[in-house]
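Go ahead and model the full structure; you've got the sequences and the hints to work with.
Protein chains in written order, with the working numbering: chain L, 144 to 423; chain B, 12 to 169.
Simulated from the structure, these hints should not be mistaken for laboratory data. One thing to keep in mind: the hints can contain errors.
[As the list claims (entries may be wrong)] The calculated lysine to any residue pairs, modelled on SDA-like cross-linking and capped at a C-alpha distance of 20 Å, are:
no.: 1; chain 1: B; residue 1: LYS67; chain 2: L; residue 2: LYS368
no.: 2; chain 1: B; residue 1: LYS160; chain 2: L; residue 2: GLU247
no.: 3; chain 1: B; residue 1: LYS95; chain 2: B; residue 2: THR77
no.: 4; chain 1: L; residue 1: LYS292; chain 2: L; residue 2: GLN230
no.: 5; chain 1: L; residue 1: LYS335; chain 2: L; residue 2: CYS387
no.: 6; chain 1: B; residue 1: LYS45; chain 2: B; residue 2: ASP56
no.: 7; chain 1: B; residue 1: LYS45; chain 2: L; residue 2: ARG288
no.: 8; chain 1: L; residue 1: LYS335; chain 2: B; residue 2: GLY140
no.: 9; chain 1: B; residue 1: LYS169; chain 2: B; residue 2: ASP56
no.: 10; chain 1: B; residue 1: LYS66; chain 2: B; residue 2: SER87
no.: 11; chain 1: B; residue 1: LYS45; chain 2: L; residue 2: GLY237
no.: 12; chain 1: L; residue 1: LYS369; chain 2: L; residue 2: CYS387
no.: 13; chain 1: B; residue 1: LYS54; chain 2: L; residue 2: GLN341
no.: 14; chain 1: L; residue 1: LYS420; chain 2: L; residue 2: CYS387
no.: 15; chain 1: B; residue 1: LYS45; chain 2: L; residue 2: PRO185
no.: 16; chain 1: B; residue 1: LYS133; chain 2: B; residue 2: ASP145
no.: 17; chain 1: B; residue 1: LYS95; chain 2: L; residue 2: CYS268
no.: 18; chain 1: B; residue 1: LYS66; chain 2: L; residue 2: LEU347
no.: 19; chain 1: B; residue 1: LYS139; chain 2: L; residue 2: ARG205
no.: 20; chain 1: B; residue 1: LYS54; chain 2: B; residue 2: ARG90
no.: 21; chain 1: B; residue 1: LYS169; chain 2: L; residue 2: THR355
no.: 22; chain 1: B; residue 1: LYS139; chain 2: L; residue 2: ARG288
no.: 23; chain 1: B; residue 1: LYS67; chain 2: B; residue 2: SER151
no.: 24; chain 1: B; residue 1: LYS139; chain 2: L; residue 2: GLY330
no.: 25; chain 1: B; residue 1: LYS45; chain 2: L; residue 2: ALA287
[Claimed, not checked] Sample of chain L residues with no beta-carbon within 10 Å of chain B, all distances over it, derived:
no.: 26; residue: GLU188
no.: 27; residue: ASP246
no.: 28; residue: GLU247
no.: 29; residue: ALA388
no.: 30; residue: ALA406
[Unchecked claim] Heads up, incomplete: computed chain B residues facing chain L, CB under 10 Å, no partners named:
no.: 31; residue: VAL46
no.: 32; residue: HIS94
no.: 33; residue: GLU99
no.: 34; residue: GLU132
no.: 35; residue: ASN142
no.: 36; residue: ASP145
no.: 37; residue: TRP148
no.: 38; residue: HIS152
no.: 39; residue: GLY153
no.: 40; residue: ARG156
Treat the numbers as computed from the prediction; the structure is a model and nothing was measured. C-beta: ideal position from N, C-alpha, C; glycine also.
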Amino acid sequence: MRKLAVLLVFLLAFQSVAFSINLGKTLKTLNKVKKVSAAVRPISEEEEYYIGRAVAANILSRYPLLKNEILSRYIHLAGLALAYRSQRPETFGGYHFAVLDSDEINALSAPGGIIFITRGLLQICENEDELAAVLAHEISHIVARDPIKAIKSERMKGLGAFTAGELAGGGSEVMELFQNTVLDISGTLLQKGYSRTQEKDADLAALGLLDTCGYEAGAMLQMLKKLESSEKKKAKVFSAHPSCAKRIEYVGPQVKAVSASGAFATREARFRNTRSKSGV
Amino acid sequence: MAINERQCMRKKRWLTAFLLCVLALAAGKALVVKVQQTNILSKPDFLSSSLQALKKGDRLELEEETGGWYLVKSPSGVRGYIHKSAVETTGSSLTGIMPGQKSASDQEVALAAKGFSEENEKKIKGSKGYNFADLEWVMSHGMPRAEVKGFIQEGRLK
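Take a look at the structure:
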């Protein structure tokens, strides 16, 4: 009987040790799964919004903002008229549009839908449809989530190596990763540029969006021709685009010449009126 | 009890559990608002009138899919349309009926998991290389949908 009791105690002890070992292993595995899933799961809308805010704040530290209420209102209206008809009309914080006070000819979009156009680019637009072509191209990048794709994969893996608690705590290593992620995107927007495929896709999607909204898709071709002739002034970002000549090659056959319809003239008049009132 | 009978009983239990899960999933798909603010609209069109304002985390019942839009019903009984880009499916309404489970906390965890949050943004505010003051100027310039509608009509857009 005593032998049986000893055996029973031994078995129970063995089981509890085995259970703790298994529990330990299970917890370790769960922790690994948690880290891996954090690394591989897609970035949420809310994360995209906060990344976008940091990227936009970074861009605004490099380029002055043109705080012109008349122009800001007009760019917002034209941009939203397009964004509402896009494949991604809603983002976490909504679309926002602003003008950078720079002579450079450039437009860029931060994650989540904060879109910038330079004064230089705005000044070479001759009508609203040309401005819409620029905005439609940038909105198409947001729809495709191209700015987020600019985060280097090693950075994503780096972020995945931290636990949720460590990341929420925002220690120095986490903040360094956070800031490097922002620089990954800003670097792509301002220097490196998107891939040629991403740019081509954005151009073609923009043509569809312009047409859906009732803008003249031919305005895109006009803008590309202007960009081609003002290449000396262009910002670095355009160097990574397919060359303007290449873009003209694939955009040209897709569009009809701009028809100077009554609607086009109405939009052209309000574009000129806004420029004149805003003094830009 | 014979081994075969035991196995049979076990199989039956698993089958019952599986069927219960399938029934629960089929009971209705729930949607959760994933953007800061949006609206239930009277038509599947952004320029149609708003029937109810919604905020992040609000739950909706999915009734139908129409292109890029969902026909939904709010807990207060308002039926209308919401664009797919404003919501995410929860797969089922199970999370809503299980006590102590909130999808918002899942979102918070997911957000913290990559470190991009309001709290971490505060830590970089004021540091070199970020101009949040001008960003706030940009973000404060929203435009009511009614004005966008007027702009579209005036420019004879679609």
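Taking the shortest Cβ-to-Cβ distance between GLU188/L and chain B, state whether it exceeds 10 Å. 5 Å, violated
Holds or violated: LYS66/B with SER87/B, Cα cutoff 20 Å? 14 Å, holds
Agreement of LYS369/L and CYS387/L with the hint, judged by alpha carbon distance not exceeding 20 Å: Distance ~9 Å between LYS369/L and CYS387/L Cα, so the pair holds.
Minimum Cβ distance from GLU132/B to chain L below 10 Å? 6 Å, holds
For the pair supplied as a hint, LYS169/B and THR355/L, is the alpha-carbon distance within the 20 Å limit? Roughly 7 Å separates the two Cα atoms, so the pair holds.
Are the Cα atoms of LYS95/B and THR77/B separated by 20 Å or less? 10 Å, holds
Does HIS94/B pass the interface hint, meaning its C-beta sits closer than 10 Å to a C-beta of chain L? Holds, about 5 Å.
Hint status (Cβ of ASN142/B to nearest Cβ of chain L, threshold 10 Å): Constraint on ASN142/B satisfied, holds at 4 Å.
Checking one constraint from the list: CA of LYS139/B to CA of ARG288/L, max 20 Å. Satisfied? 27 Å, violated
For the pair supplied as a hint, LYS335/L and CYS387/L, confirm whether the alpha-carbon distance does not exceed 20 Å. 17 Å, holds
Classify the label on ASP246/L as holds or violated, using whether its beta-carbon is more than 10 Å from each beta-carbon of chain B. Label holds. Min Cβ-Cβ 19 Å, cutoff 10 Å.
Non-interface label on GLU247/L, tested against every C-beta of chain B at 10 Å: At about 17 Å from chain B, GLU247/L clears the 10 Å cut-off, so the statement holds.
Checked against the numbered hints above, the structure violates hints 1, 2, 13, 14, 17, 18, 22, 26, 30; every other hint is satisfied.
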